[in-house]
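*Asks:* Each chain is listed here by its residues.
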Amino acid sequence: MGNTNHPDSAALKSGGTGNVAVNWLRRNLAPIIAVLALCVALSITTNTFLVSTNLLSLLRQSCVNVLIAFGITCVLICGGIDLSVGSCAAAAGVITVRLANAGLPLVVCILTALVFGALLGLFNGYVISHTTIPPFIVTLSTQIIIRGVGYVVTGGQPTQCTNETFNLIGTGDLFGIPTPVFVVAFVFIVLFFIMNRTGFGRHVYATGGNAEAAKYAGVNTKSVQMRVFMMSGMLAALAGVVLAARLYSGQPSVGEGFERDAIAASVLGGTSFNGGVGTLGGTVVGALIIGVLNNGMNLLRINSYWQFVVRGCVILGAVYIDYLKKARTLKK
Amino acid sequence: MGNTNHPDSAALKSGGTGNVAVNWLRRNLAPIIAVLALCVALSITTNTFLVSTNLLSLLRQSCVNVLIAFGITCVLICGGIDLSVGSCAAAAGVITVRLANAGLPLVVCILTALVFGALLGLFNGYVISHTTIPPFIVTLSTQIIIRGVGYVVTGGQPTQCTNETFNLIGTGDLFGIPTPVFVVAFVFIVLFFIMNRTGFGRHVYATGGNAEAAKYAGVNTKSVQMRVFMMSGMLAALAGVVLAARLYSGQPSVGEGFERDAIAASVLGGTSFNGGVGTLGGTVVGALIIGVLNNGMNLLRINSYWQFVVRGCVILGAVYIDYLKKARTLKK
Amino acid sequence: MPSEYTLEMNNIFKSFGSNKVLDDVSISIKPGEVRALMGENGAGKSTLMKILGGIYHADQGNIKIDGEAVQINTVDDARRNGISFIHQEISNVPSMTIAENFFLGKEPKTKAGLIDQRKMHRDTRAALDLMGIDLPTNRQITGLSIAKQQMLEIARAINENAKVIIMDEPTASLAKAEVEDLFRQVKMLKEKNVAIIYISHRMEETFLVCDTVTVLRDGKFIGTKNTSEATEKELISMMVGRKFDEIYGQERAVGGETLMQVKGLCSKVVKDVTFDLKKGEVLGFAGLVGAGRTETALALFGIDKIHSGEVWIEGKKVSISSPKEAIRAGIALVPEDRKGQGLFLGHSIAVNLTFQVLKEFINNLRINRKKEANLISTYQNKLSIRMASVNQMVGELSGGNQQKVVISKWLASKPKVLILDEPTRGIDVGAKAEIYKLMSDLSKEGVSIIMISSELPEIINNSSRIAVMSEGRLVKILDPDVDEISQEIIMSYAVEGGNK
Amino acid sequence: ACGNSSTASSQASAAGSAAASAASGKTTDKKALKIGISVPNLTNVFFVQIKEGMQKALKSPDDSLVVMDSQGDQNKQMNDVIDLINQGCNVIGLSPINSDGVRATLETCQKAGVPVIAFNVGVKNPELVASTIVSDNEASGHMCAQALAKALNNKGNVVEITFSTTTTCHARQKGFEDEIKANYPDIKILQSKDVEKATADYSQPIMVDFINAYPDLNGVFTINDPTARGAISALKEAGKIKDVKVVSVDGSDEGKGFIRAGEMVASAAQDPSGIGRTTVETAYKLVAGEKVEANVIMPMSIIDASNVG
Ligand SMILES: Nc1ncnc2c1ncn2[C@@H]1O[C@H](COP(=O)(O)OP(=O)(O)OP(=O)(O)O)[C@@H](O)[C@H]1O
Ligand SMILES: Nc1ncnc2c1ncn2[C@@H]1O[C@H](COP(=O)(O)OP(=O)(O)OP(=O)(O)O)[C@@H](O)[C@H]1O
Ligand SMILES: [Mg+2]
Ligand SMILES: [Mg+2]
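Residue numbers (our numbering), protein chains in the order written: chain A, 1 to 332; chain B, 1001 to 1332; chain C, 2001 to 2500; chain D, 3001 to 3309.
It is possible that some hints are incorrect.
Partner residues aside, some chain A positions facing chain C, computed with beta carbon under 8 angstroms [to be verified]:
1. Ala118
2. Pro134
3. Val152
4. Gly155
5. Gly199
6. Gly209
7. Ala217
8. Val277
Since the hints were made in silico from the structure, they are not lab data. Where is the CB? At the ideal position from N, CA and C, for every residue including glycine.
Start from the sequences and build out the full structure, keeping to the hints where you can.
*Replies:* Structure below.
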């Protein structure tokens, strides 16, 4: 079902021919047009959309989803799926806040949370790569387990953060730009190099594209899978840290359904469910579609019930248009 | 990732060798032992488990999940996934109750709900079979859309059912056995024959096992996919009817996460995520594991936070044991 | 200690579970030697090579390169020791570019530790040019024909500057022209003192390019011979373990009255194909790779859309827009990709065998087990499929036996027209002979066969008439009663047809 | 208390009347109390406090309290209650997820001869329960409206963050809107929006959008303390925490924290530990065979800077 490698969507056409950016633009035309069209429509229909504060907070809003979606994108490219990101984010937030309240230096708190995410991801990746249990089941299980552990440890209660510096990570500004945007930009650059300019990155694409061939070419596919799930765990943990900073507290109950939004962002941005295909830039665009859509519907005062309907239709519609475009290229 | 055809799990070993039931038992040994072990442990540690009222209510409780899991099993066997079942069940419950309150004969109400489920499934199946959009995305979108439509139509509020006969479908007993159990038994028999004793059933297995080969064998794989999703939609709708009857009301907000429990039941019962492999009997066993586990944890008074942890561990553990068993058979 | 051998593999043992696949096998190869490795399907050839390539580990035994014992635990170890591998199954990542596939697992790095894109593309370009492959290095693999992909794999392996190159059935999906390209490369490598291990089921290739030949049977070493001293018959009897007369022993089928007429068939690739098929004949389809033979079959079988043209069977016009309709019209297709298109690998032989005739024993929600068992045993015996039981998974069978299962599956549906697309690809001599025999028997029973094959001897020896295709057109039908037939003549039509 | 709970009826209308008659401790406990409790959502602070209130009210080590969390799932609540009966609880206390849907469960309890106390949320069929101990959610909405109006000097623009598919929350919203409409003509409700989940991570983005959509915003009503957390975070982030007044329902420790920090005007407090205590006390009476009050309305109070302590 739905097994095709879209010939024009490989993220890998770098090198050799001219402009990488142009290629990327061409490949992601559909989502980019979608997000621009949404923006134009909202700028016309509302006078509150095209306002710098609104746009900036839209960016800030999207950051948590983008961070998680980066991890999901890498996992999807590698042929997997990760449903544990929401629980991981919640747990990481709790960890950071508790440590920060205990007076530890912020760097230590955040690193500890990241290590937690990495270990969770490592566990997922280890089980997935060393058995034939599908990633869906493994990460669904860890999702439930980590959620439970979070509740057990906290007694279900949020922890208010008393460290004001920490909160700035989520709520602060730098040169008028929200801090989380810098976090995302930094992560994007690092990941971009990892995915596009290192052997490991190529191996992720290869493992997702054809694991057998990758193995025959000497790629240690198990290690690649483990490292990708580790990345996803770490990114989810980072998202949890940013979220906790925005909420001024570590909350064990947040993050439910985060994987859903992140998957939607990845897929809207052209990442394939069959592995081997996807770009981080596309994911940013996908997350922006979701962000602009939610923001716009609120500004347009669309009834909350109808928002569900619109959101579902937009996801399906966008993916369908992308499919049509690819089907046409295929025919040519 | 996790791409293997477990050699001993094909559901199609009919023909040639003797006893189908024995074969089935052998294939599903791990989950059957799991459920029996759980039962024995609970009978020893509590004096409330092995009591007919408890066992009967355990059965009644599992029925909704089993019905949905039947649909999910068929969809998984066909190589797909269906996330829209929860919303579908909620909407079907609302439809039935509203029609029943309007004074229509019960049969008409229920049939209307089933037709609704079938149409939703048909839509899912149509899009999935005629495009390359992954089932995950299509059914995620319809999940959101139908949930929204349900809220819009009902204003988000439940509708109390005034038809007492209808409520009996969920809460009644027949010869001391809960009515929903009869519904499940009836559905099981019908589905068992469809999946094992018709060409269509074999085509479902074939489509999930190797869609390309099925196409080359003259199977209209698109039609098979559409019909399977239709079945899943109808079964979810039926589950929604039973649930509404148990709750004496049609509620637009029920059913979130139903797909998760149903997938867990299917997978615990040996259905493969890669398609082509699975049995309805296994799914019943899988759903019983989940039912007994939840019941048992309640009887053992396990803290609700810890219940998450235990549930996640049991799912992962059971799937892991199954994997070990299969890996061993493979080696032999 | 310098050794006269580039490669020595000594006393290799390997079992998968209780299945002993290699049993004390030793081979040694000198620099510049081309060694053929022959044996029936499942003899253990690929397994032996995968041990050398670092994909499997031997249970026992040692490997020496240039006289020095080496440990090969990973693909990387193999590569470092100068071993490169063309796998039997095409193994590339379709969503990645040619250059990226070329350097997968050995990406060149810049000083900063990032991938050196420029070097990657430059080197790939050079390697492609050497093989005469005219494709941009940043093109994705997706959409390339199997033959092209195979050529790329060959270029990739050759490019590694290896001491030992393993070629596991490199020509299975190549036609003559490409095979010649490959042989030229083999000669060049030989001059550079590279040792080559060459696995093929095509006997004439063995004699053409190999210096020596080692035969394996059931995982045991049977013997090594110089090709100059060996005969075909000798090798075959070494492989099958008994005297073997002739592969092409069958008398040629002669057609009767016209059964099927194809008039002006056009599809996305096929242009204006017209031919008649007689009852009980074997119509061979020859042509270069990409000539459109498979596409003709796909159009006739309703998988590719027919844009225009008519198909008549037994004087009646039939419309074919889906495989179902083709099957109803009496057409069966044994596809070229056995595993991908022909079989449900995760299901039992029984299920596969009976798939086309479910109606005969499943009706009204009842399965007639007796009838089912009868059907299964009929075809089990008819084709002498070697298996543990009918409940064995098809995926566990050797290639030849898998092919027999596919053919049986279709025979059960009692077709009037049986299309066989590359029916003997990757199949050992014994199984080949059995399939030829089967074709002959079927045509005697009145089944008309269309056989698509890239092996010219197979075409020439089994066909009643030979249709030659070139660039989507059917350029000539050669009739032995009228025309002279030889490999050269067929090739000239296959090539010239395209020049018109 | 709105986590994932839902009720249709709020039969008691008078706010803050009729405190439960303090249970007389003089009952002669021949039989140990084994009370089974089913709550909709133990990850909501409110229910955790109810549970703690119940634990404190237990009198003897022989008495036991079994609490089950139905995680917002009507179906699971029914299953849980049946499990409680099956393990021999002699009183069931439940906070229905849905007042209609719980009837089947109540009938099962009746058949099994186990008396039921409905707490926090009433049931549609009060004849099936021995006692109903509720606080008035609509009243809490009224209180919030009054508190907000006072903070805004009876004038301004407000928005609501709601969860209308859940009926307790629906009642609060209704109370709030009714009060504003009836008594504060100068306060305008600009927009209300449902959260997908009644947690901070889902309410925050909505508040952010409200802030941008309505630069002249003066107040916000949120249906529980966790959603208030999201709104407050958004306001702090935008630097508007001083300009926009927040009111909420629950009066949980989290909410009290906000009030102390000056981030929230008021939270309409139900008395969770009081509800818990009263429930257990009623249960003791039932076990002892004493008469219990059919309807207990727990006092609601508004917590603000003056009384947060
Ligand atoms: N991964 C594996 N697990 C179990 N059995 C295997 C595996 N790989 C190969 N075998 C078995 O080992 C035997 C030898 O297989 P191998 O692929 O080496 O044969 P071959 O000589 O290359 O045959 P062919 O000509 O068909 O390629 C076969 O019986 C095969 O079924
Ligand atoms: N899926 C496809 N999409 C587009 N073009 C295709 C596809 N498959 C095949 N082609 C093109 O169709 C033409 C004929 O294909 P094909 O290689 O199947 O011919 P053939 O004569 O059967 O050769 P072979 O020896 O490989 O079977 C080629 O030009 C090929 O590139
Ligand atoms: Mg081989
Ligand atoms: Mg072909």
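*Asks:* Against this structure, judge whether each hint is valid.
*Replies:* Hint check results:
The interface hint given for A:Ala118 is violated, since its Cβ lies 21 angstroms from the closest Cβ of chain C, which is over the 8 angstroms cut-off. The interface hint given for A:Pro134 is violated, since its Cβ lies 15 angstroms from the closest Cβ of chain C, which is over the 8 angstroms cut-off. The interface hint given for A:Val152 is broken, as the beta carbon of that residue sits about 41 angstroms from the closest beta carbon of chain C, more than 8 angstroms. The beta carbon of A:Gly155 comes no nearer than 47 angstroms to any beta carbon in chain C, farther than 8 angstroms, and the hint placing it at the interface is violated.
Annotation: interface hint on A:Gly199 holds; nearest CB of chain C at approximately 4 angstroms, less than 8 angstroms. Because the closest C-beta pair between A:Gly209 and chain C is about 4 angstroms apart, less than 8 angstroms, the hint holds. Checking A:Ala217 against chain C: minimum C-beta separation of about 4 angstroms stays under 8 angstroms; hint holds. A least Cβ separation of about 5 angstroms between A:Val277 and chain C falls short of the 8 angstroms threshold, and the interface hint therefore holds.
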